[in-house]
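Colleague: Given the coordinates of chain H, work out where chain Z should sit on it, guided by the hints.
There are 2 protein chains.
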Amino acid sequence: MAELKSRRVVLKDYVEGYPTEAHMELLPAAPVDEAEDGSVLVKNLYLSCDPYMRPKMSRPLHQSYTAAFVPGAPITGYGVSEVVRSSTPGVAAGDLVWGMTGWEDYSVIKAPFTAMLTKIQPDDGVPLSYYTGVLGMPGLTAYVGFHHIGSAKPGDAVFVSAASGAVGQLVGQFARLMGCRVVGSAGSKEKVDLLINKFGFHDAFNYKEEDGDLAGALKKRFPDGIDVYFENVGGKMLEAVLLNMKVHGRIAVCGLISQYNLTAGEKEADVGVRNMTSLVAKRVRMQGFIEPDHKHLYPEYRAWVMPHIKEGRVVYVEDVADGLEAAPGALIGLFHGRNVGKQVVKLTTPDTE
Amino acid sequence: MAELKSRRVVLKDYVEGYPTEAHMELLPAAPVDEAEDGSVLVKNLYLSCDPYMRPKMSRPLHQSYTAAFVPGAPITGYGVSEVVRSSTPGVAAGDLVWGMTGWEDYSVIKAPFTAMLTKIQPDDGVPLSYYTGVLGMPGLTAYVGFHHIGSAKPGDAVFVSAASGAVGQLVGQFARLMGCRVVGSAGSKEKVDLLINKFGFHDAFNYKEEDGDLAGALKKRFPDGIDVYFENVGGKMLEAVLLNMKVHGRIAVCGLISQYNLTAGEKEADVGVRNMTSLVAKRVRMQGFIEPDHKHLYPEYRAWVMPHIKEGRVVYVEDVADGLEAAPGALIGLFHGRNVGKQVVKLTTPDTE
Chain H
1 MAELKSRRVV LKDYVEGYPT EAHMELLPAA PVDEAEDGSV LVKNLYLSCD
51 PYMRPKMSRP LHQSYTAAFV PGAPITGYGV SEVVRSSTPG VAAGDLVWGM
101 TGWEDYSVIK APFTAMLTKI QPDDGVPLSY YTGVLGMPGL TAYVGFHHIG
151 SAKPGDAVFV SAASGAVGQL VGQFARLMGC RVVGSAGSKE KVDLLINKFG
201 FHDAFNYKEE DGDLAGALKK RFPDGIDVYF ENVGGKMLEA VLLNMKVHGR
251 IAVCGLISQY NLTAGEKEAD VGVRNMTSLV AKRVRMQGFI EPDHKHLYPE
301 YRAWVMPHIK EGRVVYVEDV ADGLEAAPGA LIGLFHGRNV GKQVVKLTTP
351 DTE
Chain Z
1 MAELKSRRVV LKDYVEGYPT EAHMELLPAA PVDEAEDGSV LVKNLYLSCD
51 PYMRPKMSRP LHQSYTAAFV PGAPITGYGV SEVVRSSTPG VAAGDLVWGM
101 TGWEDYSVIK APFTAMLTKI QPDDGVPLSY YTGVLGMPGL TAYVGFHHIG
151 SAKPGDAVFV SAASGAVGQL VGQFARLMGC RVVGSAGSKE KVDLLINKFG
201 FHDAFNYKEE DGDLAGALKK RFPDGIDVYF ENVGGKMLEA VLLNMKVHGR
251 IAVCGLISQY NLTAGEKEAD VGVRNMTSLV AKRVRMQGFI EPDHKHLYPE
301 YRAWVMPHIK EGRVVYVEDV ADGLEAAPGA LIGLFHGRNV GKQVVKLTTP
351 DTE
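Quick note, the sequences are listed as chains H and Z, same order.
Numbering of the first sequence is given in the UniProt record's numbering, commencing with residue 1 and proceeding in unit increments.
Numbering of the second sequence is given in the UniProt record's numbering, commencing with residue 1 and proceeding in unit increments.
The following block holds chain H by itself, in its conformation from the complex (with noise of 0.2 Å):
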């Protein structure tokens, strides 16, 4: 085989406010490391770009359930992959995996990623780009959050902020399957019409319309309150929210992406969350989660998607980026709402030989 050169993009330095594409760079075509024994080499096939990216990208402050980012060092992720090689058992060249790996042509997986790799079968019959949204990480999000964080219950009325996007859609549609009545908010005429025509929200609203007044939005379109709130935004939208929780709601705080891209003087000035007497007043649950601490509920939510995707039930709207020189604007534009549905990159990887 020849010799393999592979591109990566790597964090230049750590992100203060808004990520920009001064803060990341595309490195040229590099020799491959040589795979060290355990390890798995892959061709990258598709990339993830994902709210969860963001604190990584700041320098670290505070303990978080993820490393930071190392300046100079490619950027890792979820993602779609064809084993080259392989020391590991269990994983052989040729097979299609899913799980984290490098914003770089070819990765080399060590441990203990590989372990976390999770095999595709080539003939399942749904796109390869699906392992990085409703068959990956997301899905089981979106799973594990309104199921079980949620305690979602047929009638329930569901609330989901950043409802179009990769977890969003899905808790919409897992709603509206379980027989919730469920309404989204969205930042964009076209993200609400997807809400409501594609997903089947029973209702939706653009948030930056309703003239500032998010509790009177929600009041409206849940007169009677909401009993589970799947959070992915936070700040505004969660105070209007804890004054239309029903007595018993929980909150599933799933992300808080109004937050991760705050300046130090922000966060200092504004940014806190009132109305939490609600929390006492109503009973309220709240609970933080993150899909990593769930992986065991993978072969059971994947047995319970697999017909739905397949025949229709429940669909996947994705926004794909086209290259690897694409992904830092597609990861930045995640945190402006520009994307329409799930960010995804596909890697036309340049011949090396």
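Hints were generated in silico from the structure; no laboratory data involved.
Nothing here was measured: the structure is a model prediction, and the numbers come from that model.
The C-beta atom is built at its ideal place from N, Cα and C for all residues, glycine as well.
A hint or two may mislead.
If we take Cβ atoms under 7 Å as the criterion, some of the chain H residues that face chain Z in the derived model are [stated by the list, open to error]:
1. Gln259
2. Met276
3. Arg285
4. Met286
With a Cα cut of at most 20 Å, we get these calculated PhoX-like pairs of lysine-lysine [claimed, not checked]:
5. Z:Lys236 / H:Lys236
6. Z:Lys236 / H:Lys267
7. H:Lys236 / Z:Lys267
8. H:Lys219 / H:Lys236
9. Z:Lys198 / Z:Lys310
10. H:Lys5 / H:Lys236
11. Z:Lys220 / Z:Lys208
12. Z:Lys267 / H:Lys267
13. H:Lys208 / H:Lys236
14. Z:Lys43 / Z:Lys267
15. H:Lys220 / H:Lys189
16. Z:Lys5 / Z:Lys119
So the derived list for chain Z, only partly shown, Cβ under 10 Å to chain H, looks like this [stated by the list, open to error]:
17. Met178
18. Glu231
19. Gly255
20. Gln259
21. Lys267
22. Gln287
Modeller: Chain Z alone, transformed into the frame defined by chain H:
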């Protein structure tokens, strides 16, 4: 029986900000209403001052779990009483009871509150006033919040705010009994001494003497983080706690006394809680609760706590105000932290015959 006359403390008008003596009035003795069929006429012996009473003094804006007081009508709350006449089955003249009563010498208790009256065995060997505290609502609140909502386990690192109060002092002792390491915060040196020397907290601090660095005060006392936070105050303390929670920590939200006396303007200006992203990073469960939802656990709680009290493993400190005329000042003092221990009012009913 001679005609009974009763003084009463009424709310004069709704309160904004801190309540003052001007918001309440002690009305002179007037004949007690005829007891309707099914009601219970009681002579009040002890009245309880509790933080939850403050939201009931505000003009009702939002739905709450407890109705607002009615201006001109007596303030209501928990108390210990002796039954004078009863047309409710199971309750007879001469019985001692605890439950919801009025701030007056004599009260006519009607449905649904008659069903909430709990009989006290006169020979049970504990002070009657304890039924406003360790053997009443605050006791069950501490038990449910710590064991059930907080899911405390032996060895847990436990933090309690407002730790010398009616509920906090019990949470600290229950934590010690379970084999947890427990730290409390309070607002004076006297209270901090009480926490360590009387209630057996392992450590304690005066939140007013930490130069505003509550997060640092907690970090010093919980270098490995907090497993269970029993929340009584909210605001800045909650912000600091969020930064110091352990992964999979639990926050039992009992009350948020820092918020109750804020004016509308103050609420608008500055009371948001930051650091909510810790909920996700640490996968924290934060849950509001109120004692009335858990009444069915009272017999279990009483059976558990009674031997601890009798054998001296659980002690209870009360701050007893003397006479109905002292009740408004006692309630007001609670919101300024003037009480040391559980605030009770002992009634010395004037002879009315």
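Colleague: All hints are to be evaluated individually against the structure, with a verdict given for each.
Modeller: These are the hints, each one checked on the structure:
1. Satisfaction of the interface hint for Gln259 of chain H is found here, the shortest Cβ-Cβ separation to chain Z being roughly 5 Å, below the 7 Å cut-off.
2. At about 6 Å, the closest approach between the beta carbon of Met276 of chain H and any beta carbon in chain Z falls short of 7 Å, and the interface hint on this residue holds.
3. Annotation: interface hint on Arg285 of chain H holds; nearest CB of chain Z at approximately 4 Å, less than 7 Å.
4. For Met286 of chain H, the suggested interface contact is upheld, since its CB lies about 5 Å from the closest CB of chain Z, less than 7 Å.
5. Our distance criterion of 20 Å between C-alpha atoms is met by Lys236 of chain Z and Lys236 of chain H, whose separation comes to about 18 Å.
6. Between the alpha carbons of Lys236 of chain Z and Lys267 of chain H the distance comes to roughly 14 Å, so the proposed pair stays at or under 20 Å and holds.
7. The hinted pair formed by Lys236 of chain H and Lys267 of chain Z meets the criterion: a straight-line CA distance of about 14 Å does not exceed 20 Å.
8. Pair hint Lys219 of chain H plus Lys236 of chain H holds up; C-alpha atoms about 15 Å apart against a cutoff of 20 Å.
9. Restraint check for Lys198 of chain Z and Lys310 of chain Z: the C-alpha separation of about 16 Å stays at or below 20 Å, so the hint holds.
10. About 47 Å separates the Cα atoms of Lys5 of chain H and Lys236 of chain H, which puts this hinted pair outside 20 Å; it is violated.
11. Of the pairs offered as hints, the one joining Lys220 of chain Z and Lys208 of chain Z holds, with about 16 Å between alpha carbons and a cut-off of 20 Å not exceeded.
12. Using a Cα cut-off of 20 Å, the hinted pair Lys267 of chain Z and Lys267 of chain H holds, with the two alpha carbons roughly 18 Å apart.
13. Pair hint Lys208 of chain H plus Lys236 of chain H holds up; C-alpha atoms about 12 Å apart against a cutoff of 20 Å.
14. In summary, the hint linking Lys43 of chain Z to Lys267 of chain Z is not supported, as the alpha carbons are separated by about 40 Å, beyond the 20 Å threshold.
15. Proposed proximity of Lys220 of chain H and Lys189 of chain H is supported: the alpha carbons are some 19 Å apart, at most 20 Å.
16. Proposed proximity of Lys5 of chain Z and Lys119 of chain Z is contradicted: the alpha carbons are some 25 Å apart, above 20 Å.
17. Hint on Met178 of chain Z is violated. Least Cβ distance to chain H is approximately 22 Å, over the 10 Å limit.
18. Hint status for Glu231 of chain Z relative to chain H: holds, with the closest Cβ pair at about 9 Å, below 10 Å.
19. Interface hint status for Gly255 of chain Z: upheld, as the beta-carbon distance to the closest one in chain H is roughly 6 Å, under 10 Å.
20. Annotation: Gln259 of chain Z was flagged as interfacial toward chain H, and the flag holds, the nearest CB pair being 5 Å apart, inside 10 Å.
21. Taken as an interface hint, Lys267 of chain Z checks out: its beta carbon lies about 7 Å from the nearest beta carbon of chain H, inside 10 Å.
22. With 10 Å as the threshold, the beta carbon of Gln287 of chain Z comes within range of chain H, its nearest partner Cβ sitting at about 4 Å, so the hint holds.
The structure fails hints 10, 14, 16 and 17 (numbered hints given earlier, in ascending order).
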